[in-house]
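Please model the entire structure based on the sequences and the hints provided.
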Amino acid sequence: MKTSENIEVKESRQLSKLKKMQSKGTSGKYFFVLLVLIAIVNIIDEVTSNLTVTVQSSFVTEFFVNNPFMGKYYSYEDGLAFHSGIGVFTYVLGLFTPFYKALADKLGRKPLFAMSTLGMAAGLMVIHLSSSYIMFLIGFAIISFFMGHDIQIIYILEEAPDKHRAKIYSFLKSFGILGVILIPALRDMLMGNDATKWREIFLVPSLIGFVAVFLVILFAKDTKVFINDRIEYLSRPYEEREAEKLIKKQKKEAQRNQSGVFNGVKYIFANKDTKMLIISHIIFDAAMPAIALYFESAMHRAGMSTSDITKALFMVPVIYASITLLSGFIADKAGRKTTVTLFSATCVIGYCLFVAGILLSWNPYLVGSFAGLYQGSYWIGRDYMNVMMTEKVPTDIRASVVGAEGLLVIIGLVVGYGSIIVGMMLLPIWWACLAISIPSVSVAAIMFAMKVKETKGANLYEIE
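When we follow the working numbering, the leftmost residue of the sequence shown carries the number 10, and every step to the right adds one.
I should point out that these hints are in silico values taken from the structure, not numbers from a laboratory.
All C-beta atoms in this analysis are idealised placements derived from N, C-alpha and C, irrespective of residue type, glycine included.
Watch out, some of these pointers could steer you wrong.
In silico DSS-like pairs for lysine-lysine, Cα to Cα no more than 27 Å straight-line [unchecked claim]: (1) Lys342 to Lys465; (2) Lys460 to Lys233; (3) Lys230 to Lys172; (4) Lys19 to Lys172; (5) Lys206 to Lys81; (6) Lys460 to Lys115; (7) Lys19 to Lys176; (8) Lys230 to Lys346; (9) Lys462 to Lys342; (10) Lys346 to Lys172; (11) Lys172 to Lys281; (12) Lys346 to Lys275; (13) Lys119 to Lys19; (14) Lys119 to Lys176; (15) Lys115 to Lys233; (16) Lys401 to Lys462; (17) Lys230 to Lys19; (18) Lys281 to Lys401; (19) Lys19 to Lys233; (20) Lys230 to Lys176; (21) Lys346 to Lys206; (22) Lys342 to Lys281; (23) Lys281 to Lys19; (24) Lys275 to Lys401; (25) Lys81 to Lys284; (26) Lys230 to Lys275; (27) Lys401 to Lys284.
Label pairs and their computed distance ranges (CB to CB) [to be verified]: (28) Ala279 to Val45: 26 to 34 Å; (29) Gly94 to Val42: 38 to 46 Å; (30) Phe271 to Ser370: 51 to 59 Å; (31) Glu463 to Phe219: 36 to 44 Å; (32) Asp197 to Leu335: 49 to 57 Å; (33) Leu435 to Glu253: 32 to 40 Å; (34) Leu216 to Phe338: 29 to 37 Å; (35) Phe41 to Gly201: 37 to 45 Å.
Below, the structure written as structure tokens:
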């Protein structure tokens, strides 16, 4: 009894707070401010996601090749495989991230927006200060937990007008990706041709992240969709809501309109369309480690110098941002399905050209352009799979389904990691990556194109 009374008191406070937010409303000026905040956090998210990958050869060489780890020296490939194996365990934290994301359905989007940004900034600072591989791993684990929650995507999808949703999303996403130019710029200024100075490039994005947290707390508001939906839910008597839950349970109905990760999983598999989408997504994600994590090591092992790798890295965000901006217009005009299928094809083509470039010693800027093409295409395809899942589910369980999706795709990631770790010990890095990524992307794209329905023009207020 006391527990239910405590819940009612807490919900009453939240309801009062939400009604005050609703009465204040928002203006066009606020929407612009929100877009700026999302753009800044997108830059931090993209930089955090890419930073350790772009200095991979430097820290692997330091921690495993030039110095003994646990009393043993490693070859580069064995050290990289060891790091990749350890890295899998940091992704165990990913099992908890869906539960963290699901809090957005109860607490709101803003608190998690701020916490995720703070977590990324803190993790980057730990890596900057790291004096050992263990400390590096702690920082890596922190950023692995907090990056990629994409609460800002829910902000965009719930605040943007329906007919312009994909264009606004792609513009902000491309702006964030373009911000990744910060990485090669910092490499050029702080590392030059000295790979041992790799820690220095983590400081600036960390400080930007701490400033961004302050700005989010100060200026961001929760989304209108969340506020209105939560007010409607909390305005109903607590006893009525509990009785409804009991009736649904007794009738064995899926509690799809109740937030929570496990209900999100149930909802996904209870609907044929979302089930086929998640299966395609899991297969697609098996390619992620090979696609995203080893391109800098591939360039290094193919004989490119530190300065040439930096030149190539300048082109990656430029090409990535350009095709991401283009993808928004394609998605709003031709549909999300066409976008995923098209960019899956350019991912395969771009990866093959990248491998040809590093083996044939092509111009580093051209090599970087192909890297930007295949990586950008992959993430565009993956992001629009996420967007389509978001556009297929009701508001009151949306964040929970996004969290459940993040939990389920770990299956693909584990398979991808295991395959690439074994592959790198048997084949050169580039051949191992090609052998894993091309089949995964191709099979997933074909299944997706044949089995998943379009969501273009979906009204998020009317989904039931």
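Ascending list of hint numbers which this structure does not respect: Result: hints 2, 4, 6, 7, 8, 21, 23, 25, 26, 28, 32, 33 break, sorted rising.
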